[in-house]
Amino acid sequence: MTDPIALGVRTPRHSLPLLYPGQAQKEVFVNEALARLDALAQPVITSTLSAPPATHAAGDTFLVADPASAEWTGQEGSLAISQDTHWEFQVPYEGMRIFDREQETIRIWRGGWSLSPPIPDPAGGAVVDDEARGAIATLLESLRALGILPAN
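Positions 1 to 152 (the numbering used here) are the ones given, in order, by the sequence shown.
If you are wondering where the hints come from, they were derived from the structure by calculation, not from laboratory data. Bear in mind that the values here come from a model prediction, so they are computed numbers and not experimental data. Mixed in with the good hints, there may be bad ones.
Unchecked claim - Okay, the calculated beta carbon distance ranges per label pair: (1) Ala-58 <-> Arg-133: 42 to 48 Å; (2) Asp-130 <-> Val-30: 54 to 60 Å; (3) Ala-145 <-> Ala-58: 28 to 34 Å; (4) Ile-148 <-> Gly-111: 28 to 34 Å; (5) Thr-73 <-> Leu-18: 25 to 31 Å; (6) Gly-77 <-> Ile-148: 33 to 39 Å; (7) Gly-147 <-> Gly-112: 16 to 22 Å; (8) Ile-108 <-> Gln-23: 34 to 40 Å; (9) Gly-111 <-> Gln-42: 21 to 27 Å; (10) Thr-138 <-> Gln-103: 44 to 50 Å.
A virtual CB, placed ideally from N, CA and C, is assigned to each residue, including glycine.
Please model the entire structure based on the sequences and the hints provided.
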């Protein structure tokens, strides 16, 4: 029978390290979990890169592009989270959402990272209803400002 409580046991979604009874250096595991939670509670990526940037600060998060290289080899599609001296990687899960600063929109994981296609402002048509068109344009602009829809 295998021991269900082992050093490598982690949470299923965010891979947070779990503590076990009598564990030494608990602070290492708790600090790793807190750092990962800090980056994943409301994830924001700076940009999409295939290799680590030359300069970065603790907490900076990047989407790893294909083909990944250097320290990021084999991490395509994952989030690379800078822990100042090393990188932590988060494998995405179905429905995971991140805010992409570079694209100014939300990305969602559905078997791969996707962006919403741009939605054009209302125009044309046989009957012009200025009031409805204005309301729709205001709604679209609000959704773009919140990052829910991509900017045109």
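**Study point:** Hint numbers not upheld by this structure, sorted from lowest to highest
**Key:** Of the numbered hints given earlier, those the structure breaks are 4, 6 and 10, listed in rising order.
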